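Can you build the whole structure from these sequences, using the hints too?
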Amino acid sequence: MSRVRVIIDKEWAEVLKNKMILYTAGLMPALFVVMPLVMLYMTNKEKGSLRGMENITSLPAFAGMDPKSAAQILLVNQFMFYFLMIPLIVPIFIASYSIIGEKQQRSLEPLLATPIRVWELLLGKVLAAAIPAVALTWFAFAAYAVLARFVATDLVYAVIVSPMWLLALIVLAPLFTVLAVSLAVIISSRVNDVRLAEQIGGLLVLPFVAVSIAATAGKILLNFQMFVLGALAVALLDVAVVYLGAKLFQRETILTKWK
Amino acid sequence: MAIIQTEGLTKYYGPTLGVEDLSFQVEEGEVFGFLGPNGAGKTTTVRMLSCLVAPTRGRASVNGHEVGVENQAIRQIIGILTESPGLYEKLSAWKNLDIYARLYGLSGQLREKQVRRYLEMLGLWERRNETVGEFSKGMKQKMAIARALIHEPRVLFLDEPTAALDPEAARVVRHFIAELKTEGRTILLCTHNLDEADRLCDRIGVMKQHLIQVDTPANLRQRLYGRKVVLHLKALTEPLVAAVRSLPFIKSIERIDNQLVIGLDNPEEQNPILVRNLVQAGGQVQFVHELRHSLEEVYFSLISGGQVA
Chain V
1 MSRVRVIIDK EWAEVLKNKM ILYTAGLMPA LFVVMPLVML YMTNKEKGSL RGMENITSLP
61 AFAGMDPKSA AQILLVNQFM FYFLMIPLIV PIFIASYSII GEKQQRSLEP LLATPIRVWE
121 LLLGKVLAAA IPAVALTWFA FAAYAVLARF VATDLVYAVI VSPMWLLALI VLAPLFTVLA
181 VSLAVIISSR VNDVRLAEQI GGLLVLPFVA VSIAATAGKI LLNFQMFVLG ALAVALLDVA
241 VVYLGAKLFQ RETILTKWK
Chain L
260 MAIIQTEGLT KYYGPTLGVE DLSFQVEEGE VFGFLGPNGA GKTTTVRMLS CLVAPTRGRA
320 SVNGHEVGVE NQAIRQIIGI LTESPGLYEK LSAWKNLDIY ARLYGLSGQL REKQVRRYLE
380 MLGLWERRNE TVGEFSKGMK QKMAIARALI HEPRVLFLDE PTAALDPEAA RVVRHFIAEL
440 KTEGRTILLC THNLDEADRL CDRIGVMKQH LIQVDTPANL RQRLYGRKVV LHLKALTEPL
500 VAAVRSLPFI KSIERIDNQL VIGLDNPEEQ NPILVRNLVQ AGGQVQFVHE LRHSLEEVYF
560 SLISGGQVA
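So the sequences go chain by chain: V and L.
Residue 259 is where the first sequence ends in our numbering, and the numbering goes up by one at each step.
Residue 568 is where the second sequence ends in our numbering, and the numbering goes up by one at each step.
It is worth saying that the hints were derived from the structure and are not from the lab.
Not one of these hints is a red herring.
Computed, partial: chain L to chain V, Cβ under 8 Å:
1. 272
2. 309
3. 312
4. 313
5. 335
6. 346
7. 354
8. 361
9. 406
Computed list of lysine-lysine pairs in DSSO-like fashion (alpha-carbon distance at most 30 Å, straight line):
10. L:354 / V:17
11. L:372 / L:396
12. V:257 / V:103
13. V:103 / V:247
14. V:219 / V:68
15. L:372 / L:354
16. V:19 / L:396
17. L:396 / V:17
18. V:103 / L:349
19. L:349 / V:17
Treat the numbers as computed from the prediction; the structure is a model and nothing was measured.
Glycine included, each C-beta is placed from N, C-alpha and C at the ideal position.
See below:
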């Protein structure tokens with residue numbers, strides 16, 4: 001495992017030199033913490049801010065609630081989805097930069113000539129991208145949960161720290177990270193431009209955004225069971241993409257087939 | 260003792276031939292040069308021997324370890340300088356070497372000692388904290404050589420070590436390789452620079468997807484062209500030419516102005532007799548030197564199908 005540690009150290013040392021990645025990785029979680037807090041605060045203070053949302057209680061999920069709480073829960077749920085985008089986007093930035101950076105610097109061949117095993121190299125790269133992504137997600141959510149206590153009503157706060165969302169953050173976030181890193185490995189093996197890899201990887205959030213819109217529109221009812229099934233589906237997808245990524249990540253394939 | 264051995268080593272990339280039926284040995288402490296045009300399979304051979312790509316057929320061993328069977332053991336005892344330096348451009352010189360020292364399992368003080376040793380040896384110690392992206396090509400190449408040596412490998416693969424370097428940087432790198440040779444390391448050198456190969460290599464292998472010839476540069480010259488001496492005379496007359504022709508060991512004779520180019524089997528023994536004969540016949544010998552064909556001539560002759568004795 002010591003070689004895995006060397007790779008993680010190396011990756012982080014390089015990432016710390018890249019301001020673009022640092023800004024991206026830092027800005028997104030900060031926005032996702034601040035925006036829902038501001039919106040909760042505004043909806044508490046100004047009656048006008050809820051204009052147009054009076055009919056929200058007609059949706060089955062909000063039946064029997066007062067319009068303000070229903071609207072705030074709707075907002076909270078939407079932003080919780082945004083938190084789950086952090087482990088999808090941040091690792092794609094880090095992993096794409098890491099692998100394409102190695103390709104551009106032509107540093108993979110001397111690296112692969114050392115006694116490092118290919119799985120150690122792959123694991124090092126995966127962890128180097130996954131650990132900050134999961135840590136950022138959890139840290140951002142923890143900050144949000146603490147600060148939300150001051151602006152959310154008990155009813156709304158109970159949604160923020162509900163088992164459903166905690167499951168999503170604790171289980172789904174790491175699963176999403178594995179998915180994102182593995183896809184980044186696959187994409188990076190085929191392209192030589194970091195921005196192109198990020199753009200292709202960014203498409204990963206589209207199905208996720210569709211689910212969040214459907215949930216906001218009341219087309220999907222969010223509940224614990226649905227998240228358990230979602231986690232199982234993502235776990236299965238992870239197995240498939242990790243297998244594909246590992247197949248591409250072989251010494252000879254890297255040196256002879258990667259474009 | 261042979262430290263590198265190959266038998267019928269062959270590599271195909273899909274339907275494309277990389278190298279075919281390569282059989283050769285490199286002795287311990289020897290500098291062995293691979294010469295060949297682009298696409299001749301030099302890099303493929305190095306990649307097979309350093310366990311980066313698997314042979315399609317044949318076998319190879321490095322220090323007794325079989326390629327494809329004991330790859331980890333081989334990787335631990337080899338160092339490789341790839342065609343491009345492949346450094347981490349955003350990291351410092353120190354960090355670049357430290358990463359590799361750790362990957363080779365060097366711990367604590369030994370790691371620091373080795374990193375310092377090579378940075379000092381290659382004149383990069385003062386710039387150890389600078390990012391290598393700011394270094395010149397020559398400095399980057401030195402860094403890549405230092406990286407290949409950080410774990411003191413017994414076998415060193417150098418792929419085009421002076422390519423794309425200015426003459427001064429190339430000279431520094433060549434001197435360093437010559438120093439490594441004196442340390443008794445085995446070096447396999449792939450190069451397009453024939454003068455470099457001539458100066459550094461004990462033996463060379465000329466290849467073009469298969470091995471055309473392996474021998475010392477001197478032997479290859481002799482086998483292709485034989486040995487010839489050039490005699491400069493103050494004046495060259497027919498009686499003098501006849502006097503030379505009368506000697507039984509003369510293999511060939513060519514007259515160019517006042518010079519005679521004479522083919523001999525053993526110039527060390529036969530030159531004194533030849534000169535004495537010429538002087539006795541009234542010739543005034545100004546200079547005698549051996550005609551030395553350049554390795555470039557040897558190389559092009561072999562590549563274009565020239566036959567050796």
